[in-house]
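In terms of full-length UniProt numbering, the sequence shown opens at residue 1 and continues consecutively.
I should point out that these hints are in silico values taken from the structure, not numbers from a laboratory. The beta-carbon is built from N, C-alpha and C at its ideal position, and this holds for glycine as well.
Straight-line Cα separation of at most 35 Å, DSBU-like style, residue types lysine-lysine; simulated pairs:
| no. | residue 1 | residue 2 |
| --- | --- | --- |
| 1 | Lys223 | Lys267 |
| 2 | Lys70 | Lys223 |
| 3 | Lys170 | Lys223 |
| 4 | Lys159 | Lys270 |
| 5 | Lys268 | Lys189 |
| 6 | Lys141 | Lys70 |
| 7 | Lys52 | Lys70 |
For each label pair, taking beta carbons as the anchor points, the in silico distance ranges come out as:
| no. | residue 1 | residue 2 | range |
| --- | --- | --- | --- |
| 8 | Glu202 | Ser131 | 34 to 44 Å |
| 9 | Met139 | Asp221 | 39 to 49 Å |
| 10 | Asp148 | Asp60 | 18 to 28 Å |
| 11 | Lys159 | Met139 | 27 to 37 Å |
| 12 | Asp221 | Ala155 | 36 to 46 Å |
| 13 | Asp148 | Tyr234 | 27 to 37 Å |
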Amino acid sequence: MKQFLTLFLLFSLLVSCNQEVKNKKINKKEAEKRNKVQRPNISYSNKISTGKWYFLPYTDSTIINKSIFKYSQSCASFAYMISYDSSNPDSIFFKGYHEETMMPLIKRSDTIFWAGDTIQHWEITFNNDFSSLQFQEYMDKSYAHKADPRLFQFAKSVKEIQNLAIYFNKFILAGAYKNEQSKVRFTDKFEVVGIDNAATYELVIDFWEMVPQMDLINLFDKKGELLKQLNWEYDGEILKLRNVRQIYDKDGDFDRGVAEDIIYELKKIK
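Construct the complete structure from the given sequences, taking the supplied hints into account.
Printed below as a string of structure tokens:
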């Protein structure tokens, strides 16, 4: 009888232990299942991938809508492109039509970085695969300069914009035009044929040089001397060119400029 009781107790203990192991396995599976539901499978890179990010509302909208002036007054003056090279992991490069600068880079998390210093910096937030970023300015409150409250969105691209004036000219002005009386050609090399004695032209891309504030080209003769300034504007497929008249105050200082008569209405033929 004693041996039977001993065997019974041992059997009960084994059954209990086996059930406890099974319960632990079930609880572990349930926990893993709950974790999969509660925590999405997101993997963060430890470093930024080499690449270039462009401010598309400027680089793309300018070409689509054929107007430089309309989109120039933005962060594009100091950053239409942001680039990073992993061979220089402590810095990030900002390139704008008005200036360009290399800024020190401070990592705040896997996807959040500071560009600048503690007095003035830009907080850059990448998405998980670094295909896009957004950034915003922060400024020490003791300084008179106030931070720009806008949040700017950039997208990674394989495009390469070495020179912004050449890039815009290629996709906006360059080409052959005609009307009933005239034929005009603007080339990729900023040569112009068919407008008075003009030999070359300059596409104004700097917002602060757009005086008056409109889309402008400067025309030069064969010696490189400025002949005149024209306002250009697209009306559908028609390129309208107007003379620009500079108006000065009584002291001889520039007051304003106005776009006057249309001198050409040209349809692009190629």
